[in-house]
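Make the full structure from the sequences, and use the hints.
These protein sequence lines are chains A and B, in that order.
Using the working numbering, the first residue of the first sequence is number 1, and each one after it goes up by one.
Using the working numbering, the first residue of the second sequence is number 1001, and each one after it goes up by one.
Everything labelled a hint here was simulated from the structure, so no lab data went into it.
Every value quoted in this text rests on a predicted model; they were computed, and no experiment measured them.
It is possible that some hints are incorrect.
Said to hold, decoys possible - The calculated label-pair distances, taken between Cβ atoms and stated as ranges, are:
no.	chain 1	residue 1	chain 2	residue 2	range
1	B	Lys1071	A	Asn52	24 to 32 Å
2	A	Ile11	B	Thr1015	36 to 44 Å
3	A	Val13	B	Arg1044	23 to 31 Å
4	A	Lys70	B	Met1041	25 to 33 Å
Even for Gly, the Cβ is constructed at its ideal location relative to N, Cα and C.
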Amino acid sequence: AQKVTQAQTEISVVEKEDVTLDCVYETRDTTYYLFWYKQPPSGELVFLIRRNSFDEQNEISGRYSWNFQKSTSSFNFTITASQVVDSAVYFCALRPSWGGYQKVTFGTGTKLQVIP
Amino acid sequence: NAGVTQTPKFRVLKTGQSMTLLCAQDMNHEYMYWYRQDPGMGLRLIHYSVGEGTTAKGEVPDGYNVSRLKKQNFLLGLESAAPSQTSVYFCASSRGLAGEGEETQYFGPGTRLLVL
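The structure is reproduced here in structure tokens:
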């Protein structure tokens, strides 16, 4: 069985602060994919990133960066210089490389509130 | 190209009533999924389909039925709604092809269902 833990239920930061959202996972699969999704107050799910377990390079996309550490089974997400538009619930997810998205497991989400 | 659409956006039902949620995708995707999202929980898979005419159970299938008569549509039915089915329902689709891990799962905007 696989598991995704997002221990931070809610985080509040003041605008322009940096914030890191934690994601810890458990899986017996040797190859897998990790994901982050954003769910703004409007409710839709926005895909942010997919990371293959083979690729442990950190990734940066504008103000967003992701730190994948296989040794600690973590895939943390950092927002630099946060903005009010970053306020949302963020979900981390995991699926094995084999099979389709029917095998994906979502974390319980972290609600981020950015205060102006 | 509308992506994944869901009908209706919001619905209120009384206990025991039935209804059907419609999901449509215009990306010619093979795989389609229905999830439910409850407060403090990640998305949980209800049913999924790997192609026209095929359906399978997910993690929480009880109380729901599905049909995939046309490739572009995936219907979720509640035969006798219960308050425990109050939730936000998301439909999603993906290209399919197990093992082709670099594909993306696309989500619809969600349907809010309240069962009184």
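Hint check:
Remark: the range hint 24 to 32 Å for B:Lys1071 to A:Asn52 is upheld by a beta-carbon distance near 28 Å. Between A:Ile11 and B:Thr1015 the Cβ separation comes to about 37 Å, which falls inside the hinted range of 36 to 44 Å. Hint check: A:Val13 to B:Arg1044, Cβ distance near 29 Å, so the stated range 23 to 31 Å holds. Separated by about 26 Å at the C-beta atoms, A:Lys70 and B:Met1041 satisfy the suggested range of 25 to 33 Å.
When each numbered hint is compared with the structure, no violation occurs for any of them.
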